[in-house]
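Could you build all of it, start to finish, from the sequences and the hints given here?
So you can see what is in the structure, the chains are spelled out below.
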Amino acid sequence: MKKALILGLVACSLMAAPVQAAEDAEAPKSVDWSFDGIFGHYDRASLQRGMQVYKEVCAACHGMRLLAYRNLMDLGYSEAQVKAFASQYEVQNEDPNDEGEMFNRPALPSDRFVSPFPNEQAARASNGGALPPDLSLIVKARAGGADYIYSVLSGYAEAPKDLKKPDTLHYNPYFPGQLIAMPPPLTEGAVEYADGTKATVDQLSYDVTNFLTWASSPKLEAQKSTGFKVVLFLLVFTGLLIAVKKKVWSAVH
Amino acid sequence: MEKQTYNNAVVRWIDDRLPIFSFMDHEYNQFPMPKNLNYWWNFGALATVVLVAMIVTGIVLAMHYTPHTSMAFDSVEHIMRDVNYGWLIRYIHANGASMFFIVVYIHIFRGLYYGSYKAPRELLWMIGVVILLLMMATAFMGYVLPWGQMSFWGAKVITNLFSAIPLVGESVVEWLWGGYTVDNATLNRFYSLHYLLPFVIVGVVVLHIAALHVTGSNNPDGIDMKGPQDSVPFNPYFTAKDSVGLGVFLLIWAAFVFYAPDYLGHPENYIEANPLVTPPHIVPEWYFLPFYAILRAITFDVWFIEAKLMGVLLMFASILVLFILPWLDTSKVRSCRYRPIYKWFFWVLLIDCVVLGWVGANKPEGMFPLIGLIGTGYYFFHFLILLPILGKIETPLPLPTSISESVTRRSGAPAGATAATGGNA
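These protein sequence lines map, in sequence, to chains F and S.
So in the numbering used here, the last one in the first sequence is 253, and the numbering has no gaps at all.
So in the numbering used here, the last one in the second sequence is 425, and the numbering has no gaps at all.
Derived from the structure by calculation, the hints contain no laboratory data.
Keep in mind that the hints are not guaranteed to be accurate.
Said to hold, decoys possible - So, partial list: chain S residues that the calculated Cβ filter (under 8 Å) puts toward chain F:
no. : residue
1   : E77
2   : M225
3   : P228
4   : V232
5   : P236
6   : Y237
7   : S243
8   : G247
9   : V248
10  : L250
11  : A254
12  : A255
13  : Y259
14  : M310
This structure is a prediction, so every number in the text was calculated from the model and none was measured.
Where is the CB? At the ideal position from N, CA and C, for every residue including glycine.
Here it is in structure tokens:
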């Protein structure tokens with residue numbers, strides 16, 4: 001009886017799950033990520049490669065407005081490297097100069113990532129009417145998370161012969177609706193990795209998905225390592241509480 | 001209240017003027033509890049702990065959150081990325097809402113199984129239903145604050161329900177919104193009320209506990225305490241027992257916070273609200289799904305009542321019916337342990353609620369509308385027809401003569417030992 005009640009409530013709590021599966025898309029490929037599991041952590045080398053992919057490929061159309069350049073120090077870059085990286089971009093200063101005119105200056109580590117388009121209309125105009133979404137939270141904002149992002153990036157295929165498809169859309173079995181406006185973004189050798197890793201489509205997708213996951217959940221490592229300590233503490237503490245309860249009640253039972 | 005004499009002069013001085021020490025001693029330290037309570041009686045204490053945790057984390061979140069349509073979403077991400085341990089505070093709070101409902105739903109079904117709503121605890125139960133309503137309002141408005149897609153569209157769908165009210169519906173909705181759509185005025189008032197209502201809940205919880213301390217706790221046998229041999233003082237017995245439940249509960253909560261913080265949420269809510277883009281499938285949080293199913297159960301007009309209005313009425317009725325539950329259940333026996341027929345219908349009701357939740361989570365297509373209609377019909381059948389009739393026709397099992405007899409019988413001691421234990425107490 002008790003078991004049935006618990007099962008019922010667990011089932012109730014799982015209710016949200018079936019909703020999130022896209023009905024007309026293939027289930028995402030299952031990847032073994034370094035950030036999965038109790039001791040999950042990011043693969044720094046892959047994050048750095050992924051950032052290179054983002055910068056050289058994705059950033060042409062996709063912004064990451066919630067990230068600041070200073071956040072890149074998490075990937076293992078030094079302060080000087082981050083300063084140099086930020087200064088490649090130009091931002092408008094928040095305040096006007098002494099003449100009261102707004103002016104542009106090189107970005108600082110404290111600035112947020114500069115988006116490729118000034119507004120939605122400009123983004124749509126450059127992309128055949130489609131809006132490339134901001135990628136700051138993309139892994140959290142899609143059902144299937146990292147597996148889904150990886151599958152879409154690496155999953156472009158020849159459209160089935162009988163599929164009627166407008167020329168502006170591309171066939172991707174992992175995308176809900178299977179027709180995606182984004183052309184296949186990654187091709188073999190699209191990026192020349194500094195560390196000599198071979199830039200296959202799978203490798204590029206894997207690295208950039210790692211980077212995007214970090215961007216969505218930058219505190220994931222602290223979260224998992226704190227969690228381990230908290231759970232360990234609670235296990236011992238609960239054990240003690242059970243012992244205390246038994247002792248207190250021993251005279252009654 | 002009998003006065004204690006305290007050795008400490010300061011304590012004595014205070015207690016003579018404001019007897020808080022005597023009060024705590026009487027209502028907590030020595031408060032007699034039935035000694036046969038099982039772990040299902042942990043959940044009231046657990047709910048109190050969650051309420052306090054929600055208020056504390058909520059106050060911290062409010063220090064960093066900006067209730068404006070153009071900044072709300074980014075300010076939540078600011079909490080997640082820039083505020084020290086902001087991710088922890090927010091994940092505790094967001095998952096805390098789900099934990100609160102799990103705990104309270106178990107607490108309610110505990111009350112249903114053991115007949116805790118029956119005389120003399122009717123008012124205690126009704127105050128509890130008020131707490132549930134306040135919790136639902138608070139949770140709903142809190143979910144709007146991150147200003148994601150589900151926040152916005154959930155708010156739009158639910159506030160729009162009031163437009164089903166004849167004649168004044170449209171005006172009521174505009175009054176709720178503070179405008180002609182869900183916008184900044186709506187977000188601001190939801191923020192204000194989301195901060196206010198938890199303290200109202202605290203007030204009503206105080207009434208709930210005050211009423212509990214008049215009648216005392218019900219127990220798994222559903223029979224009254226007849227003397228000191230049937231009870232143990234709250235402290236240390238239930239301090240210890242509630243602590244065990246708390247430890248296990250915190251483990252589950254921590255597992256969600258640290259290892260699956262977004263599992264109970266919806267990915268769509270990590271996309272900023274956009275009034276021009278409707279999400280493919282608008283669903284409420286899991287704890288509202290059964291009610292959402294009832295809301296959508298009626299797809300046809302009933303006489304002069306439109307389907308939409310009927311759904312709204314049924315959804316509210318599904319909670320309001322709990323107010324009159326003490327009078328709908330005609331059985332004199334409280335606990336399901338001694339109600340051989342009702343016992344099974346309790347589980348059918350629980351399954352019905354889970355099925356309704358499942359229907360609520362899915363698009364109203366295919367078989368779901370029919371299952372939703374049957375589930376809704378059964379829900380009301382259970383309370384309005386089954387309970388009144390069952391109390392009349394069911395023959396209850398013989399009740400134990402006392403709690404202490406029941407305890408010794410259950411722990412396998414010979415019947416003769418009962419008298420001895422009773423005599424020693």
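Each hint tested on the structure:
1. Interface restraint check for E77/S: the shortest CB-CB distance to chain F comes to about 5 Å, inside 8 Å, so the restraint holds.
2. A least Cβ separation of about 14 Å between M225/S and chain F goes past the 8 Å threshold, and the interface hint is therefore violated.
3. Taken as an interface hint, P228/S does not check out: its beta carbon lies about 12 Å from the nearest beta carbon of chain F, beyond 8 Å.
4. With a cut of 8 Å, the hint placing V232/S at the interface with chain F holds, because the nearest CB-to-CB distance is about 6 Å.
5. Because the beta carbon of P236/S sits about 5 Å from the nearest beta carbon in chain F, less than 8 Å, this interface hint is met.
6. Checking Y237/S against chain F: minimum C-beta separation of about 6 Å stays under 8 Å; hint holds.
7. Proximity of S243/S to chain F holds as hinted, the smallest CB-CB distance being about 5 Å (cut-off 8 Å).
8. At about 3 Å, the closest approach between the beta carbon of G247/S and any beta carbon in chain F falls short of 8 Å, and the interface hint on this residue holds.
9. At about 6 Å, the closest approach between the beta carbon of V248/S and any beta carbon in chain F falls short of 8 Å, and the interface hint on this residue holds.
10. Contact between L250/S and chain F, as hinted, is supported at the beta carbon level, the nearest pair being about 5 Å apart and thus within 8 Å.
11. Residue-level restraint check for A254/S holds (minimum Cβ-Cβ distance to chain F is 5 Å; threshold 8 Å).
12. This hint holds: A255/S has a C-beta 7 Å from the nearest C-beta of chain F, less than the 8 Å allowed.
13. The restraint placing Y259/S at the interface with chain F holds, with a minimum CB-CB distance near 6 Å, inside the 8 Å limit.
14. For M310/S, the shortest C-beta to C-beta distance to chain F is roughly 24 Å, which exceeds 8 Å, and the interface hint is violated.
Consistency with the previously given hints fails for numbers 2, 3, 14, ordered from lowest to highest.
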